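Colleague: Each chain, letter by letter, is given below.
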Amino acid sequence: MQEKGNLRDKAELLQRALGFFAKEPMTFMEVCGTHTVAIYRSGLRSLLPKNISLVSGPGCPVCVTDQGEVDAAIKLAEKKGLIFATYGDMMRVPGTKGSLRNLRTQGADVRVVRSCDEALDLALKNPTKEVVFLGVGFETTAPSTAAIILEAEEKKVRNFSVLCFHKLVPPALRLLAESRELKVDGFLLPGHVTVVIGVKPYEFLPRDFNISCTIAGFEPLDIMEGLVELARQVHDKDPKVSLLYARAVRPEGNTRAKKFIRRVFDEADARWRGLGKIKNSGLRLKPEFACFDAITRFDLDIKEVPLPSGCKCGEVLMGKLRPEECPLFSIRCTPDDPVGPCMVSSEGNCAACYKYSYKVMR
Amino acid sequence: MMFIELGHGSGGRPTQQLIKEILNIYGNQSNKDMEDCALIENGIGVTIDGFTVSPRFFPGGDIGKLAICGSTNDLAVRGVKPLYLAMGILIEEGLLKEELLKVIESAYRVSRDLDVKLVAGDTKVLPRGQADGMYITCCALGEVLTDNHWGIKNLYPGDYLIVTGPIGQHGALISALHYGLEVDELISDCKPLWPLMEPLTSIPGVKCARDCTRGGLGTVLCEWAEGSNIGIEIEEELIPVNSEVVSVADVLGFDVLHLACEGTAVLAVDPDYLREVLSSLKKVAPHCSVIGKVTEDHVGIVGLKTKIGGMRVIDMLVGEMVPRIC
Chain F
5 MQEKGNLRDK AELLQRALGF FAKEPMTFME VCGTHTVAIY RSGLRSLLPK NISLVSGPGC
65 PVCVTDQGEV DAAIKLAEKK GLIFATYGDM MRVPGTKGSL RNLRTQGADV RVVRSCDEAL
125 DLALKNPTKE VVFLGVGFET TAPSTAAIIL EAEEKKVRNF SVLCFHKLVP PALRLLAESR
185 ELKVDGFLLP GHVTVVIGVK PYEFLPRDFN ISCTIAGFEP LDIMEGLVEL ARQVHDKDPK
245 VSLLYARAVR PEGNTRAKKF IRRVFDEADA RWRGLGKIKN SGLRLKPEFA CFDAITRFDL
305 DIKEVPLPSG CKCGEVLMGK LRPEECPLFS IRCTPDDPVG PCMVSSEGNC AACYKYSYKV
365 MR
Chain W
39 MMFIELGHGS GGRPTQQLIK EILNIYGNQS NKDMEDCALI ENGIGVTIDG FTVSPRFFPG
99 GDIGKLAICG STNDLAVRGV KPLYLAMGIL IEEGLLKEEL LKVIESAYRV SRDLDVKLVA
159 GDTKVLPRGQ ADGMYITCCA LGEVLTDNHW GIKNLYPGDY LIVTGPIGQH GALISALHYG
219 LEVDELISDC KPLWPLMEPL TSIPGVKCAR DCTRGGLGTV LCEWAEGSNI GIEIEEELIP
279 VNSEVVSVAD VLGFDVLHLA CEGTAVLAVD PDYLREVLSS LKKVAPHCSV IGKVTEDHVG
339 IVGLKTKIGG MRVIDMLVGE MVPRIC
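If you read the protein sequences in the order shown, they are chains F and W.
Sequential numbering of the first sequence, starting at 5, is according to the working numbering.
Sequential numbering of the second sequence, starting at 39, is according to the working numbering.
Note that these hints are calculated values from the structure, not bench results.
Please read all numbers here as calculations on a predicted model, not as lab measurements.
Hints are supplied without guarantee of correctness; some may be wrong.
[Unchecked claim] Derived DEER-like restraints, expressed as beta-carbon distance ranges:
| no. | chain 1 | residue 1 | chain 2 | residue 2 | range |
| --- | --- | --- | --- | --- | --- |
| 1 | F | Glu185 | W | Asp335 | 33 to 41 Å |
| 2 | W | Met72 | F | Gly85 | 40 to 48 Å |
| 3 | W | Lys58 | F | Lys83 | 21 to 29 Å |
| 4 | W | Ile63 | F | Asp305 | 42 to 50 Å |
| 5 | W | Gly81 | F | Arg20 | 53 to 61 Å |
| 6 | F | Lys83 | W | Ser92 | 21 to 29 Å |
| 7 | W | Ser92 | F | Asp341 | 22 to 30 Å |
| 8 | W | Lys320 | F | Thr259 | 41 to 49 Å |
| 9 | F | Arg162 | W | Asn69 | 54 to 62 Å |
| 10 | W | Lys320 | F | Ser50 | 32 to 40 Å |
| 11 | F | Asp303 | W | Pro165 | 54 to 62 Å |
[Said to hold, decoys possible] Some chain W residues flagged as far from chain F (calculated, every beta-carbon gap over 12 Å):
| no. | residue |
| --- | --- |
| 12 | Leu77 |
| 13 | Glu143 |
| 14 | Val157 |
| 15 | Arg252 |
| 16 | Val322 |
| 17 | Val356 |
[Claimed, not checked] Taking lysine-lysine pairs in the DSS-like style, the calculated list, with each CA pair at most 25 Å apart, reads:
| no. | chain 1 | residue 1 | chain 2 | residue 2 |
| --- | --- | --- | --- | --- |
| 18 | W | Lys70 | W | Lys119 |
| 19 | F | Lys14 | W | Lys58 |
| 20 | W | Lys343 | F | Lys14 |
| 21 | F | Lys283 | F | Lys187 |
| 22 | F | Lys54 | W | Lys343 |
| 23 | F | Lys79 | F | Lys129 |
| 24 | W | Lys345 | W | Lys229 |
| 25 | F | Lys283 | F | Lys101 |
| 26 | F | Lys290 | F | Lys160 |
| 27 | F | Lys79 | F | Lys54 |
| 28 | W | Lys119 | W | Lys135 |
| 29 | F | Lys54 | W | Lys345 |
Using N, Cα and C, we set each Cβ at its ideal position, and we do this for glycine too.
Extracted from the complex, chain F is given alone in its bound form (with noise of 0.2 Å):
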């Protein structure tokens, strides 16, 4: 109970101090699902001086699998005699036709697993059956992914497979920063990437961009600090990569994580969800990995295809559009009847932005 007037007054005191710095109008993006989320859910955005706007980026996983991935996951999902396993954010993001979890109601094999071990079991249990498991997120689920494929290798497993949809941000934060549409004065960074991948993959930024960084925690008051230090920043002209989540990011990242990544995959160009193919944003398995790779082992084709009709997803990710500024916001897309996944994704912008304030804006 201590801690009760106490969290409010340090809310209280950056929010002073964000006044301070915010002499004129600032527009900071929050590169992460997670921060995203805790925002809305704190309701950060009403203690903001009038100055500041925070725009959310693409950097919830679930959001940026391309319409074309999703309807790959969903096509392979549906074969007899084969288990697909998925992180639980997936099962609802929906594809050309229908969603894994519709594929589940109808007798498909998707199981909701919470870790990657949790497929290479099933497969260890279920030897007579093909076990796929649908790998997306960034640079924080990559590691475990291809620790789990050298395992699987180690172990001789026969039936197991990955659909590997991982993908990079500091790619697209680069096509952000080239955006000439995008006005962003600073971004707050993703901790959890940062944690694995360190702070120099963001030096670009400030250098050849002149936007402001800050790498922040998770919990209300470590983001508020960020964005003080973004407007600090900016007000002093001193655009530069400040680390402030010293208690979970060291400068250089988890070599070992980052070693797990090299060893097992390599960069490709991926098609991000309305942001089309950016070079270099994804990782594919290296060729001496390909029979744990489910795009060859079932000769997939992973298609381009258009989004549904008057989906904004791209704009919305790319922080050009509010939620609400999507035409379908609330009218075609709610979270019971989602057009695109990040009105699905727990950590989606729109999800967030519905669950959260749209009572309200109503």
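Based on these hints, arrange chain W on the given structure of chain F.
Modeller: Below, chain W alone, put in the same frame as chain F:
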């Protein structure tokens, strides 16, 4: 083609919609109050509830205890003294008889303590693979002890909202077990609410109560706000919740306000009777806490003042709760 999905059983909006469709078929032949139990003729309250839980034995309870607590709690929160039970058990072929009897003994102990009698029952055995161990359905019947018939219709701006204890314990425990998280300190709050509610039946200022089962405290408050002409405002720092529950919710990406309770209720109380209600509750529920108020403003909406002083909306749970990626 529409299929029944797990989300239809989560207690949130899809569940409500499904129930409405079922009741529509019954038209005027049904009770559309959407309360936890029905108050029928001659001062009788009745409810029915089905139970499935995996694992069947968990820290703090088992499916037998859960069935008796769950069904009698639905009576208790409407001020109805539980008196009689009817129980139906569906059993999968191959279940250990010992296990079945252990579950029934556990159910018996709660029934004995509450002084409710088992007066009717049924058992069916299904071929292996057609059920998951066992399911219990419990119908509970009792005597209405209140004059004002606790219910949503009594809610009025200015009423205080009280929760009887820390929220989300059962939901956090079952989620942790389901997703393989090891949290030793977690224990279900599964317990009968009648000992808490009985002393309150003689206080006229109690307006409405609900046990926060599927969908959690958040969903109950949304149902209250949407089901009557009021708004609700609560404060995050006043809501009792244990740190282990917060950890589980954080790891899985759940909102503690959506995690199920199985022995924790929320009450609305007239301001003039707040002190009396609290002093009665504190004797049996030392962690009860006033969490907010019914408001005239923002009708249909539940607002939450967060720990840092921000404001946000609480919505019902949509679909099944699934863990997030990172």
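Colleague: If a hint holds in the structure, say so; if it doesn't, say that too.
Modeller: The hints, checked one at a time:
1. Glu185(F) / Asp335(W): 33 to 41 Å: holds, 39 Å
2. Met72(W) / Gly85(F): 40 to 48 Å: holds, 44 Å
3. Lys58(W) / Lys83(F): 21 to 29 Å: With Cβ atoms ~37 Å apart, the hint is violated.
4. Ile63(W) / Asp305(F): 42 to 50 Å: holds, 46 Å
5. Gly81(W) / Arg20(F): 53 to 61 Å: holds, 60 Å
6. Lys83(F) / Ser92(W): 21 to 29 Å: holds, 27 Å
7. Ser92(W) / Asp341(F): 22 to 30 Å: holds, 29 Å
8. Lys320(W) / Thr259(F): 41 to 49 Å: Violated, at about 55 Å.
9. Arg162(F) / Asn69(W): 54 to 62 Å: With Cβ atoms ~58 Å apart, the hint holds.
10. Lys320(W) / Ser50(F): 32 to 40 Å: holds, 34 Å
11. Asp303(F) / Pro165(W): 54 to 62 Å: With a Cβ separation near 39 Å, aspartate 303(F) and proline 165(W) fall outside 54 to 62 Å, so the hint is violated.
12. Leu77: At about 31 Å from chain F, leucine 77(W) clears the 12 Å cut-off, so the statement holds.
13. Glu143: holds, 33 Å
14. Val157: Given a closest Cβ separation of 38 Å, the condition holds.
15. Arg252: Nearest chain F Cβ is 17 Å from arginine 252(W), so the label holds.
16. Val322: Answer for valine 322(W): holds, closest chain F Cβ roughly 22 Å.
17. Val356: Not fine: 4 Å to the nearest Cβ puts valine 356(W) too close to chain F.
18. Lys70(W) / Lys119(W): Satisfied, since the Cα-Cα distance of roughly 22 Å is no more than 25 Å.
19. Lys14(F) / Lys58(W): violated, 46 Å
20. Lys343(W) / Lys14(F): holds, 16 Å
21. Lys283(F) / Lys187(F): holds, 22 Å
22. Lys54(F) / Lys343(W): holds, 20 Å
23. Lys79(F) / Lys129(F): holds, 24 Å
24. Lys345(W) / Lys229(W): Outside the cut-off at roughly 29 Å; violated.
25. Lys283(F) / Lys101(F): violated, 28 Å
26. Lys290(F) / Lys160(F): holds, 17 Å
27. Lys79(F) / Lys54(F): violated, 48 Å
28. Lys119(W) / Lys135(W): violated, 32 Å
29. Lys54(F) / Lys345(W): Distance ~21 Å between lysine 54(F) and lysine 345(W) Cα, so the pair holds.
The structure does not agree with the numbered hints 3, 8, 11, 17, 19, 24, 25, 27 and 28 stated previously, though it agrees with the rest.
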